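J.: For the protein sequence lines, the chains are A and B, in the order given. Note that the numbering used here has the first sequence beginning at 1, numbered continuously upward. Note that the numbering used here has the second sequence beginning at 1, numbered continuously upward.
Hints may be right or wrong, so weigh each one.
[Said to hold, decoys possible] Covered by chain A, per the in silico footprint, the following chain B stretches (three or more residues, Cβ under 8 Å):
hint, region
1, 26 to 40
2, 70 to 78
[To be verified] Taking beta-carbon pairs under 10 Å as the criterion, some of the chain A residues facing chain B (in silico):
hint, residue
3, L108
4, N113
5, R118
6, R155
7, S159
[To be verified] Stretch-level coverage of chain B by chain A, calculated; a stretch enters the list once three of its residues show a Cβ under 8 Å from a Cβ in chain A:
hint, region
8, 107 to 117
9, 147 to 154
These are calculated hints, taken from the structure and not from any lab test. These numbers were taken from a predicted model, which means no experiment stands behind them. Backbone N, C-alpha and C define an ideal beta-carbon position, used for all residues, glycine too.
There are 2 protein chains.
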Amino acid sequence: MQGLNDILNLDKNAKTRFVKKGEMLLREGDESSLAFYIEKGLLRSYTIDEKGKEHIFSFASEGWIIADIDSQEFNHPAELFIDCIEDSEIVVFDRKCFKLADLSEQQLRENANLLARRIAVLQKRVIMLMSVSAQERYSTFLKSFPKLVNRVPQRMIASYLGITPEALSKIRGQIAKGK
Amino acid sequence: MQGLNDILNLDKNAKTRFVKKGEMLLREGDESSLAFYIEKGLLRSYTIDEKGKEHIFSFASEGWIIADIDSQEFNHPAELFIDCIEDSEIVVFDRKCFKLADLSEQQLRENANLLARRIAVLQKRVIMLMSVSAQERYSTFLKSFPKLVNRVPQRMIASYLGITPEALSKIRGQIAKGK
Numbered sequence: 001m002q003g004l005n006d007i008l009n010l011d012k013n014a015k016t017r018f019v020k021k022g023e024m025l026l027r028e029g030d031e032s033s034l035a036f037y038i039e040k041g042l043l044r045s046y047t048i049d050e051k052g053k054e055h056i057f058s059f060a061s062e063g064w065i066i067a068d069i070d071s072q073e074f075n076h077p078a079e080l081f082i083d084c085i086e087d088s089e090i091v092v093f094d095r096k097c098f099k100l101a102d103l104s105e106q107q108l109r110e111n112a113n114l115l116a117r118r119i120a121v122l123q124k125r126v127i128m129l130m131s132v133s134a135q136e137r138y139s140t141f142l143k144s145f146p147k148l149v150n151r152v153p154q155r156m157i158a159s160y161l162g163i164t165p166e167a168l169s170k171i172r173g174q175i176a177k178g179k
Numbered sequence: 001m002q003g004l005n006d007i008l009n010l011d012k013n014a015k016t017r018f019v020k021k022g023e024m025l026l027r028e029g030d031e032s033s034l035a036f037y038i039e040k041g042l043l044r045s046y047t048i049d050e051k052g053k054e055h056i057f058s059f060a061s062e063g064w065i066i067a068d069i070d071s072q073e074f075n076h077p078a079e080l081f082i083d084c085i086e087d088s089e090i091v092v093f094d095r096k097c098f099k100l101a102d103l104s105e106q107q108l109r110e111n112a113n114l115l116a117r118r119i120a121v122l123q124k125r126v127i128m129l130m131s132v133s134a135q136e137r138y139s140t141f142l143k144s145f146p147k148l149v150n151r152v153p154q155r156m157i158a159s160y161l162g163i164t165p166e167a168l169s170k171i172r173g174q175i176a177k178g179k
């Protein structure tokens, strides 16, 4: 939990868990408002639309926190599903585990920086979904998450980018040919 | 600046300005990384895609801060344009105006809450753009920003929602007929 403790003070209710590929940790409608810090492994969050289609909201690998922030911070029922893409070692915690009053100035700065970084990622994400071509979406993904591209199935990357698996395959083909 | 000082300690370089409808405050590519707190009035941020089409990223009215967070926090050139939808009274500041070390515990909590609220809004925005019908997008907008709907031109609401003005007009017609 060392990396996590650089950012947050969590009490002893924050527990380390070992979870299996495919295991579901949060479901739409849950009111548990859990968050997950990834020590090792890879998780994803996603929605399912009214036609039953999955849309990936985020990936989280080593050193990241994944949660339904709206649910966690404001006690709304979860809008996201969270499950495991790889066998993972995670720290499970909720809002009640925060010991905010005990945070050092350094932790407060780290914490504010983390929140700002998350906002910056989401800002880029919204801009991407609104106004960027499929090709540029993929090249931004490669730049932003170079270590994820070989760990995440192609169909999930396509879902994250809001493009079809066929479009992604075509773009990868063009890149492979050096176009 | 009272509302703003509940959240941030800003030094005397943070200035109040009166700005006119249509006035441009930030342009894509700017490295000034300015942020704007709205005392009175209405601002918007947006991108322009390669075809010259505008896509609205956010609106900000009284009590909100509007900025290109990625640019402001990480010193990247701005990706967003920011201009005024109404004549406005704003506080203009940048990162160097923050006196983080002087923040009280209450301000730190307010600040963390503000950042988390912003993340929650962006999370809902991404989910909306990925997987929600046009009709549901508009009804969520009405619930989230009831005071904005009569202040923002319809074509800008459509742009924010990622739908055509024609689709928005049709949805409004259906609502008016009580469908």
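J.: Decide, hint by hint, whether the structure agrees.
T.: Hints versus structure:
| no. | hint | verdict |
| --- | --- | --- |
| 1 | 26 to 40 | violated (count 0) |
| 2 | 70 to 78 | holds (count 3) |
| 3 | L108 | holds (6 Å) |
| 4 | N113 | holds (8 Å) |
| 5 | R118 | holds (6 Å) |
| 6 | R155 | violated (15 Å) |
| 7 | S159 | holds (9 Å) |
| 8 | 107 to 117 | holds (count 8) |
| 9 | 147 to 154 | violated (count 0) |
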